[in-house]
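Engineer: Below, each chain spelled out in residue letters.
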Amino acid sequence: MEIIRASDVWYEYVNPDETGEMAVRGVSLSVRRGEWLSIIGHNGSGKSTLVKLLNGLYVPKRGSVTVDGIDTQDEERIWEVRQKVGMIFQNPDNQIVATVVEEDVAFGLENLGVEPAQIQPRVQKALEAVDMTRFATVAPHMLSGGQKQRVAIAGVLAMRPDVMLMDEPTAMLDPSGRREVMDTVERLHKEEGMTVVLITHFMEEALRGDRVIVMEKGKAVMEGKPREVFTQVEELKNIGLDVPPMTELAHRLRADGFPIAGEPMTVKEMVEELCRLKQGI
Amino acid sequence: MPVEARDLTHTYNVDSPFESTALDKVSFSIADGEFVGIIGHTGSGKSTLIQHLNGLLKPTGGTVIVDGLDLMAKETDKKEVRRRIGLVFQYPEYQLFEETVFQDIAFGPKNLGLDKEEIERRVRDACKLVDLDCDQVGEKSPFELSGGQKRRVAIAGVLAMEPGILILDEPTAGLDPYGRDSILNLVRLWHERGKTILMVSHSMDDVARLADRILVMNHGRLEMQGTPDEIFSQEARLRSIGLDVPAVTTLAGELNRLGFDLPPHIHTMEDMERALASALGGRPAAKKTEEATAHA
Ligand SMILES: Nc1ncnc2c1ncn2[C@@H]1O[C@H](COP(=O)(O)OP(=O)(O)OP(=O)(O)O)[C@@H](O)[C@H]1O
Ligand SMILES: Nc1ncnc2c1ncn2[C@@H]1O[C@H](COP(=O)(O)OP(=O)(O)OP(=O)(O)O)[C@@H](O)[C@H]1O
Ligand SMILES: [Mg+2]
Ligand SMILES: [Mg+2]
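Protein chains in written order, with my numbering: chain A, 2 to 282; chain B, 682 to 977.
Derived by calculation from the structure, the hints in this document are not laboratory data. Just so it is clear, CB atoms sit at the ideal spot from N, CA and C, and this is done for glycine as well. Possibly wrong hints are sitting among the right ones.
Part of the chain B face toward chain A, derived, beta carbon under 10 angstroms [unchecked claim]:
| # | residue |
| --- | --- |
| 1 | T692 |
| 2 | V695 |
| 3 | T723 |
| 4 | E761 |
| 5 | V762 |
| 6 | L826 |
| 7 | Q830 |
| 8 | Y859 |
| 9 | G875 |
| 10 | P927 |
| 11 | A928 |
| 12 | L936 |
| 13 | P944 |
| 14 | P945 |
| 15 | E954 |
Sequences and hints are given; from them, build the entire structure.
Structural biologist: Below, the structure written as structure tokens:
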């Protein structure tokens, strides 16, 4: 079942590019309930603009976006849209407002006018979901970047959105913070059926999802399962993108004349394939 | 230009309930022309550390000596130090403020009192280095650019000062692969001209590929320092302090546990490709290609 639909969406900023090009040019896409869709593409290709169109922060110049059947241009129902679609930005520091973790998570609920008696249990549950319960009463500035980003995720989760839009949520994090946040997203997706739209420049993060869209100059130019998209190594390189490290290695070994079979994309898959090759099977 | 830190200590909010020590007796020295990577978990003190190297933050203990100038000595001309050291902040795009991209990049050179032609030359040169088309975006407002484009403008502004030491705080965070490679490439070129580079990064791959030496920060202390080989052979220790090793290094470890006999210190794609070619080798290339085609 579909939760978000964008039909031939165009968007132009007030001061458009000198090239006269719009930031988003005729994108159509549909996000299924429970799906994890990743969006990759150049800087300036329109990814952030596109996701802001998906939660109604921007309304399209042409075309339309619907969230659970509600048109984002329907001003009377925009709060419903925002409630259904939560957004997490790149920098956790910009999203954390309160001086205590649990207050921060409660903040959005208070704004929504949720009944006070309901706030505490929802906050507890959200903190549990990101494994941050023991930090409930801590000051956010005492947390690591990965932990802060998990608090930001809890803030969005507490509002019980149907969809989580994440705009480069791990760009500032160290390797374990990054893994922490991605494991959290994966668990929410798998266990709670959360719909995820993730913008990332880390190809190995996009690998974890169900589907990938490649943006280029305001258009969606490639689309498919991660495996289908990332095996098009030359095409991706031609538009200045990358592939996950193991895909790159497979590509190089193949060019060196080694018959790498299938499409190993993770370390585990690569180990299996290389063992197979070594034993000459 | 050489850089030396001696017992460098920094405590934020001294004598307040929020007092916290972000740097704790950090000592190291960096030789002229070295490329040094700085890694460490978020909050480990990396940004605090490098802001001391151009005198932006004042240590609460210890000192920094840059090119023979002691930053704590009264007679040292702080302005001169800033001129020699270019610091690209973490998320420098938040500090763009001029009306046009051109003016933003020209801001530093203008402050140096250079003439108009020289400023123009430097701005164009810097634009070229960061792969921005000066004619196309020069007259735009920096606020109309995408995140990655803004970053390039900010870096260009520092390069236009033509500093002897270039310090970059996570210069590729948020950049697309092409932008990342173009920034890393320009840093490498700068280094090849004999300039000293310090680069803070969360990308183990980038540091492994580029740095001559690595400083590892952990909770305000200098936990380890050494060559990429020395540092990345300590996978467990790195993981225990929030870090990691490059993906190919993990792969090498796994393979060796399964009886591959790969050489130690595989940290880059090229290392891995070479090691595997010799471990799996022995079959004629032509035959391999046939097999590969047959498989496809
Ligand atoms: N506030 C704005 N005003 C005018 N133009 C803008 C504005 N924000 C973005 N743009 C332009 O719209 C285009 C798309 O930008 P957008 O931020 O959506 O890209 P992106 O794919 O998210 O890039 P990045 O990877 O750098 O975050 C770019 O050409 C950019 O210059
Ligand atoms: N202005 C400040 N006032 C008080 N504490 C600060 C300030 N700036 C940083 N800190 C604290 O000092 C410690 C080191 O911070 P620093 O920014 O140097 O870390 P970092 O290694 O650069 O982290 P990241 O990888 O997240 O950028 C952290 O605990 C941080 O919370
Ligand atoms: Mg963006
Ligand atoms: Mg920092």
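Engineer: Determine for every hint whether it applies to the structure shown.
Structural biologist: Hint-by-hint comparison with the structure:
Proximity of B/T692 to chain A is violated relative to the hint, the smallest CB-CB distance being about 15 angstroms (cut-off 10 angstroms). For B/V695, the suggested interface contact is broken, since its CB lies about 17 angstroms from the closest CB of chain A, more than 10 angstroms. For B/T723, the interface hint holds, the least distance from its beta-carbon to any beta-carbon of chain A being 3 angstroms, beneath 10 angstroms. Hint status for B/E761: violated, given a least beta-carbon distance of 33 angstroms to chain A, over 10 angstroms.
The beta carbon of B/V762 is not positioned within 10 angstroms of any beta carbon in chain A (closest approach about 28 angstroms), and the interface hint is therefore violated. The beta carbon of B/L826 comes within 7 angstroms of a beta carbon in chain A, closer than 10 angstroms, and the hint placing it at the interface holds. Restraint check, B/Q830 versus chain A: the minimum CB separation of about 6 angstroms is within 10 angstroms; hint holds. For B/Y859, the interface hint holds, since its Cβ comes within 10 angstroms of a Cβ in chain A; the closest pair sits about 3 angstroms apart.
The criterion of a C-beta within 10 angstroms of any C-beta in chain A is not met by B/G875, whose closest approach is roughly 30 angstroms, and the hint is violated. Residue-level restraint check for B/P927 holds (minimum Cβ-Cβ distance to chain A is 8 angstroms; threshold 10 angstroms). Among the interface hints, the one on B/A928 holds; its C-beta lies about 4 angstroms from the nearest C-beta in chain A, closer than the 10 angstroms criterion. Restraint check, B/L936 versus chain A: the minimum CB separation of about 6 angstroms is within 10 angstroms; hint holds.
A cut of 10 angstroms between beta carbons decides the hint on B/P944: the least distance to chain A is about 15 angstroms, and the hint is violated. The restraint placing B/P945 at the interface with chain A is violated, with a minimum CB-CB distance near 18 angstroms, outside the 10 angstroms limit. The interface hint given for B/E954 is met, as the beta carbon of that residue sits about 5 angstroms from the closest beta carbon of chain A, less than 10 angstroms.
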